[in-house]
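There are 2 protein chains.
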Amino acid sequence: MRYALILAGGSGSRMGSLTPKQFLKISGIPIIAWSMMTFQRMNEIVGIIIASPKDRFPEIKKIAEDYQITKLRAIATGGETRQISSYHALRAYEFHDDDIVLIHDAARPFVSEALARRCLNAAEESTAACAYIPVKDTIAEIENNLVRRTLDREILQSAQTPQVFRYSLIRDAHEYAITRGFQSASDDVTLVLLRGKPVYSVEGDYRNIKITTPEDMALAEYLAHALRGEQR
Amino acid sequence: MRYALILAGGSGSRMGSLTPKQFLKISGIPIIAWSMMTFQRMNEIVGIIIASPKDRFPEIKKIAEDYQITKLRAIATGGETRQISSYHALRAYEFHDDDIVLIHDAARPFVSEALARRCLNAAEESTAACAYIPVKDTIAEIENNLVRRTLDREILQSAQTPQVFRYSLIRDAHEYAITRGFQSASDDVTLVLLRGKPVYSVEGDYRNIKITTPEDMALAEYLAHALRGEQR
Numbered sequence: 012m013r014y015a016l017i018l019a020g021g022s023g024s025r026m027g028s029l030t031p032k033q034f035l036k037i038s039g040i041p042i043i044a045w046s047m048m049t050f051q052r053m054n055e056i057v058g059i060i061i062a063s064p065k066d067r068f069p070e071i072k073k074i075a076e077d078y079q080i081t082k083l084r085a086i087a088t089g090g091e092t093r094q095i096s097s098y099h100a101l102r103a104y105e106f107h108d109d110d111i112v113l114i115h116d117a118a119r120p121f122v123s124e125a126l127a128r129r130c131l132n133a134a135e136e137s138t139a140a141c142a143y144i145p146v147k148d149t150i151a152e153i154e155n156n157l158v159r160r161t162l163d164r165e166i167l168q169s170a171q172t173p174q175v176f177r178y179s180l181i182r183d184a185h186e187y188a189i190t191r192g193f194q195s196a197s198d199d200v201t202l203v204l205l206r207g208k209p210v211y212s213v214e215g216d217y218r219n220i221k222i223t224t225p226e227d228m229a230l231a232e233y234l235a236h237a238l239r240g241e242q243r
Numbered sequence: 012m013r014y015a016l017i018l019a020g021g022s023g024s025r026m027g028s029l030t031p032k033q034f035l036k037i038s039g040i041p042i043i044a045w046s047m048m049t050f051q052r053m054n055e056i057v058g059i060i061i062a063s064p065k066d067r068f069p070e071i072k073k074i075a076e077d078y079q080i081t082k083l084r085a086i087a088t089g090g091e092t093r094q095i096s097s098y099h100a101l102r103a104y105e106f107h108d109d110d111i112v113l114i115h116d117a118a119r120p121f122v123s124e125a126l127a128r129r130c131l132n133a134a135e136e137s138t139a140a141c142a143y144i145p146v147k148d149t150i151a152e153i154e155n156n157l158v159r160r161t162l163d164r165e166i167l168q169s170a171q172t173p174q175v176f177r178y179s180l181i182r183d184a185h186e187y188a189i190t191r192g193f194q195s196a197s198d199d200v201t202l203v204l205l206r207g208k209p210v211y212s213v214e215g216d217y218r219n220i221k222i223t224t225p226e227d228m229a230l231a232e233y234l235a236h237a238l239r240g241e242q243r
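As given, the protein sequences belong to chains A and B, one line each in that order. Note that our numbering has the first sequence beginning at 12, numbered continuously upward. Note that our numbering has the second sequence beginning at 12, numbered continuously upward.
The following block holds chain A by itself, in its conformation from the complex (with noise of 0.2 Å):
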């Protein structure tokens, strides 16, 4: 069985809102509505679990209640970091060692149904696929306000999600990070890998972007009026 895993821990404070950015609307719709109005329409997705702050618990039911979203199974506990979130999400439902989870920001409202699908498909491919797009800058690492030096564009990629991972291999991935004392790791893929298995990339796409600044939000209105015309 698949499962869609929408989080929405964060609170948001590079938006300057008092909201966390995945409650504020675009087109009218709250944020997070956008992927589990995708997720439900999904019929290869049996359920969806979202992570979010305790307090926002009514709101998510009414957000599932307004917008119909029949496949709602659980919500879990936002936790200190997005880690602990997909932990938590991850825990708040009885999944079998087989399933495939597809773990999703709820700052992306944009995900299409074909990306997503290219994700699960390759995760039940190979265990652990994640989509990505190609890096439009140039990266460095910088300490101290020196520029240590600059990264080689052609290898690197920005992680998006979906990210996807068969149940067994993602709960065991986190618990071997816990067991370690790692709980910052800014997606999932991270501990895939750190617990030494393989993740495959799926090609990602320019329009699932991920809302974290007020400049993104009149973004996202753009984008939202432009797939709207295009689902006419």
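Read the hints as simulated data drawn from the structure, not as lab findings. All figures in this text were calculated on a predicted structure; none of them were measured in a lab. Certain hints may be false.
Identical chains share a label here; the pair holds if one copy fits it or two copies do between them.
To be verified - Heads up, simulated DSSO-like pairs for lysine-lysine below, C-alpha to C-alpha not over 27 Å straight-line:
(1) K147 / K65
(2) K221 / K82
(3) K36 / K221
(4) K73 / K221
Starting from the structure of chain A, add chain B where the hints point.
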């Protein structure tokens, strides 16, 4: 003396447009004209040199006329790579060794005077400085669709432009790279580091976006609107 070098040599293949992106318009104004106007306004900059494809020289001259860019000193021929365009710009004018050159990508129209000034000041104190912003995504090394490793996001930053250098230093760094057959540096900082000289980081600006994809054009229109509001 301080000069601004604007690199507009690129073809903009990711934009899906026949017009090189630096000549597309935002709010009715060609992208390259935005930074030309900013540097024209700054008293501390005495001259502007532009690198552009040869067949666009008349367009550059027309833009300089239309927007009263009286500081335009030379137009250099764009090269095969960004690095070569930059080198051509460095040789297109009779600079003195102790001049300060601010190198900027034409595809970043929203460089602010404040950011340019921060970079100029840092470079004058140290000989080399560049604007950086923290990376938002997890960056991974990928080879043959296999994720080799994810990098420690804490010390990674994305390079923007301006990148500012003492002329003698950047000219020497370019010639050092060329004699070693290195022609594909994605920015000028890389060459200075290759030469073994220090470069300092300056806090960049999320609004100083690089226009690469059609989605970026939408964000640019929004930012143009917001910036006008602030200047009123």
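Copy assignment of K73 with K221, given that the CA separation must stay at most 27 Å: within (23 Å within a copy, 39 Å between copies)
Intra- versus inter-subunit Cα pairing at 27 Å for K221 with K82: Classified as within: same-chain Cα gap 24 Å, cross-chain 40 Å, threshold 27 Å.
Alpha-carbon proximity context of K36 and K221, limit 27 Å: both (14 Å within a copy, 26 Å between copies)
Copy assignment of K147 with K65, given that the CA separation must stay at most 27 Å: This pair counts as between: shortest inter-copy Cα distance 25 Å, intra-copy 37 Å.
The structure agrees with every numbered hint stated previously.
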